[in-house]
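Here are the chains, one letter per residue:
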Amino acid sequence: NAGVIQTPRHKVTGKGQEATLWCEPISGHSAVFWYRQTIVQGLEFLTYFRNQAPIDDSGMPKERFSAQMPNQSHSTLKIQSTQPQDSAVYLCASSLLGNQDTQYFGPGTRLLVL
Amino acid sequence: GDSVTQTEGLVTLTKGLPVMLNCTYQTTYSPFLFWYVQHLNEAPKLLLKSSTDNKRTEHQGFYATLHKSSSSFHLQKSSVQLSDSALYFCALSDPSGSWQLIFGSGTQLTVMP
Numbered sequence: 001n002a003g004v005i006q007t008p009r010h011k012v013t014g015k016g017q018e019a020t021l022w023c024e025p026i027s028g029h030s031a032v033f034w035y036r037q038t039i040v041q042g043l044e045f046l047t048y049f050r051n052q053a054p055i056d057d058s059g060m061p062k063e064r065f066s067a068q069m070p071n072q073s074h075s076t077l078k079i080q081s082t083q084p085q086d087s088a089v090y091l092c093a094s095s096l097l098g099n100q101d102t103q104y105f106g107p108g109t110r111l112l113v114l
Numbered sequence: 001g002d003s004v005t006q007t008e009g010l011v012t013l014t015k016g017l018p019v020m021l022n023c024t025y026q027t028t029y030s031p032f033l034f035w036y037v038q039h040l041n042e043a044p045k046l047l048l049k050s051s052t053d054n055k056r057t058e059h060q061g062f063y064a065t066l067h068k069s070s071s072s073f074h075l076q077k078s079s080v081q082l083s084d085s086a087l088y089f090c091a092l093s094d095p096s097g098s099w100q101l102i103f104g105s106g107t108q109l110t111v112m113p
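Quick mapping for you: the protein sequence lines, in order, are chains Z and E. If you're matching positions, the first sequence starts at 1 in our numbering and goes up one per residue. If you're matching positions, the second sequence starts at 1 in our numbering and goes up one per residue.
Heads up, some of the hints might be wrong.
Said to hold, decoys possible - Distance condition first, Cα-Cα at most 20 Å in a straight line; then the derived DMTMM-like pairs of lysine to aspartate or glutamate:
#1 E/Lys49 x Z/Asp101
#2 E/Lys45 x Z/Glu44
#3 E/Lys45 x Z/Glu63
#4 E/Lys49 x E/Asp2
#5 Z/Lys11 x E/Asp2
#6 E/Lys45 x Z/Glu24
#7 E/Lys49 x Z/Glu44
#8 E/Lys68 x E/Asp94
#9 E/Lys55 x Z/Glu24
#10 Z/Lys78 x Z/Glu24
#11 E/Lys68 x Z/Glu18
#12 Z/Lys62 x Z/Glu44
To be clear, the hints were calculated from the coordinates, so they are not data collected in a lab.
Put together the whole structure using the sequences plus the hints.
In C-alpha cells form, the structure reads like this:
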C-alpha cells in the first residue's frame, strides 16, 4: 500500500501563474479531503469529495481556487492567478466511506509563490 | 463556530518525564475528537480518536480521555522518548456532517536527552 500520493512534492510559481496539485487516494478510499497548512493559519480544511462528488467546499477560498475529482483514482486542486499568500503545504487525505474518522494524509505539496 | 484550543505552543521536556498536552473544544454537536502527530517534513498521522465520553483511549503509550462535561481531550504519556519529538494537533469533526477536521494550533513537543 503506497499510501496517499501527492504530486508534485514541491512547486514554485511566479505571482499570477496557475498551479495544479494532484492527489491519488489510497485504493478503495472513496472519501477525499484537501487541507492547507501554514505557519500562521495552521491546518485548515478546504474541500471534501465522496464517491467523486463534491460534498463540502466550505473551506475553499471563493476566488481562484477549484477542486475536481474526475475519477476515483485522483483529485486535483487548481489555483489560478497564484498570490504569495497562497504559499502553503497542501495536504490531501483519504478514508474509507463509513470510516471517515480515520483519514490518511499524503506527504503534501509545498507551494511557494514568488 | 466550532473551534479547538491548544494552550501550549511549545513544550520541552527531558526524556523519561510525563507529559500532558491540553486540548479543549467548542461545538454544538457531539463530536469525534482526535490527536494527530506530525514529525518534521512528514504527513500528519492519526494517534488517537474518541467519541465516547469518559472512556480512556490508548495508542503507542499515549492516552487521552474525552470529557464532554469539560469539553476536553488532553493527551498524556507517562514517560516521553526522544522519538516523541513532533508537532501534535488536536482536532474535532462532526460525525453527522462532512467529517472535515477542525484543528487546533498545534503543540510542538521537544524531548531532550
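Now the hints, each set against the structure:
no. : hint               : result
1   : E/Lys49 x Z/Asp101 : holds (8 Å)
2   : E/Lys45 x Z/Glu44  : holds (16 Å)
3   : E/Lys45 x Z/Glu63  : violated (30 Å)
4   : E/Lys49 x E/Asp2   : holds (18 Å)
5   : Z/Lys11 x E/Asp2   : violated (32 Å)
6   : E/Lys45 x Z/Glu24  : holds (17 Å)
7   : E/Lys49 x Z/Glu44  : holds (19 Å)
8   : E/Lys68 x E/Asp94  : holds (14 Å)
9   : E/Lys55 x Z/Glu24  : violated (35 Å)
10  : Z/Lys78 x Z/Glu24  : holds (15 Å)
11  : E/Lys68 x Z/Glu18  : violated (45 Å)
12  : Z/Lys62 x Z/Glu44  : holds (15 Å)
Going through the hint list in order, the structure does not satisfy hints 3, 5, 9, 11.
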